[in-house]
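Enquirer: Residues per chain, in single letters:
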Amino acid sequence: DAGVIQSPRHEVTEMGQEVTLRCKPISGHNSLFWYRQTMMRGLELLIYFNNNVPIDDSGMPEDRFSAKMPNASFSTLKIQPSEPRDSAVYFCASNRDHNEQFFGPGTRLTVL
Amino acid sequence: AQKITQTQPGMFVQEKEAVTLDCTYDTSDQSYGLFWYKQPSSGEMIFLIYQGSYDEQNATEGRYSLNFQKARKSANLVISASQLGDSAMYFCAMRELSGSARQLTFGSGTQLTVLP
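Chains D and R supply the protein sequences, listed in that same order.
Counting along the first sequence from 1, when you hit position 7 you're at 106 in my numbering, and nothing is skipped either side.
Counting along the second sequence from 1, when you hit position 77 you're at 561 in my numbering, and nothing is skipped either side.
Keep in mind that a hint or two might mislead.
[What the hints assert, rightly or not] Okay, the calculated beta carbon distance ranges per label pair:
no. : chain 1 : residue 1 : chain 2 : residue 2 : range
1   : R       : Glu-501   : D       : Thr-137   : 18 to 26 Å
2   : R       : Ser-525   : D       : Ser-172   : 39 to 47 Å
3   : D       : Met-138   : R       : Gly-569   : 45 to 53 Å
4   : D       : Gly-115   : R       : Lys-554   : 36 to 44 Å
5   : D       : Thr-209   : R       : Gly-536   : 37 to 45 Å
6   : R       : Asn-542   : D       : Met-114   : 48 to 56 Å
7   : D       : Gly-115   : R       : Ser-512   : 26 to 34 Å
8   : D       : Arg-163   : R       : Lys-554   : 25 to 33 Å
9   : R       : Ala-555   : D       : Val-152   : 31 to 39 Å
10  : R       : Ser-525   : D       : Gly-102   : 17 to 25 Å
11  : R       : Asp-539   : D       : Glu-117   : 41 to 49 Å
12  : R       : Ala-502   : D       : Met-139   : 26 to 34 Å
13  : D       : Met-138   : R       : Asp-539   : 32 to 40 Å
14  : R       : Arg-556   : D       : His-109   : 41 to 49 Å
Keep in mind that the hints were calculated from the coordinates and are not lab data.
Even for Gly, the Cβ is constructed at its ideal location relative to N, Cα and C.
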């Protein structure tokens, strides 16, 4: 069984550039979560979707961040324009109903 | 207020010994779930164990067990017979199950180092 797939695994970009992170959840899961992990703030939930609908985006830092889930098997997290303080590991996770969340390997983003 | 508190930023344990990682939580919900995840240095998040608030018995999964004390609102992780591969960051998390909220709230983590 394929787990949660994220791409790219590593991204290095310059300040001001647009960054798009991608996630493919586990087939059959109906919820998808985007988290950000930094040393200073730990693991933070950015947004989650249930049945492709955004339910809670209160964790999205600001308007530069946007997330979409056009179908049950794909989601994107976009940062435009990116800033150095966005450097972090971004995790995507999925689950079905109230069961445990399965995490992807993460995308390590560095904004120079 | 912190919903999940892990008071031990770092812990050391001798190989083959047992270790307890502390976790306390705060919720007014009657129905909730508690989770432990392991994050090795490679970065992935690995689910370890789950305890539901209505579960009468403490959860166990191999060498992992959860010491659930509902009245104290604590959900400590016990790792028996520690192995070098257990060295990692461990996160406690909670999901309140009432309503439609599905997100996990994570603690700040405990860095466990197993000594040979």
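Enquirer: State for each hint whether it applies.
Expert: Hint by hint, here is what the structure shows:
{"no.": "1", "hint": "R:Glu-501 x D:Thr-137: 18 to 26 Å", "result": "violated, 32 Å"}
{"no.": "2", "hint": "R:Ser-525 x D:Ser-172: 39 to 47 Å", "result": "violated, 30 Å"}
{"no.": "3", "hint": "D:Met-138 x R:Gly-569: 45 to 53 Å", "result": "violated, 23 Å"}
{"no.": "4", "hint": "D:Gly-115 x R:Lys-554: 36 to 44 Å", "result": "violated, 51 Å"}
{"no.": "5", "hint": "D:Thr-209 x R:Gly-536: 37 to 45 Å", "result": "holds, 39 Å"}
{"no.": "6", "hint": "R:Asn-542 x D:Met-114: 48 to 56 Å", "result": "holds, 49 Å"}
{"no.": "7", "hint": "D:Gly-115 x R:Ser-512: 26 to 34 Å", "result": "violated, 44 Å"}
{"no.": "8", "hint": "D:Arg-163 x R:Lys-554: 25 to 33 Å", "result": "violated, 42 Å"}
{"no.": "9", "hint": "R:Ala-555 x D:Val-152: 31 to 39 Å", "result": "holds, 38 Å"}
{"no.": "10", "hint": "R:Ser-525 x D:Gly-102: 17 to 25 Å", "result": "holds, 19 Å"}
{"no.": "11", "hint": "R:Asp-539 x D:Glu-117: 41 to 49 Å", "result": "holds, 46 Å"}
{"no.": "12", "hint": "R:Ala-502 x D:Met-139: 26 to 34 Å", "result": "holds, 32 Å"}
{"no.": "13", "hint": "D:Met-138 x R:Asp-539: 32 to 40 Å", "result": "holds, 34 Å"}
{"no.": "14", "hint": "R:Arg-556 x D:His-109: 41 to 49 Å", "result": "holds, 42 Å"}
In summary, the numbered hints that this structure violates are 1, 2, 3, 4, 7 and 8.
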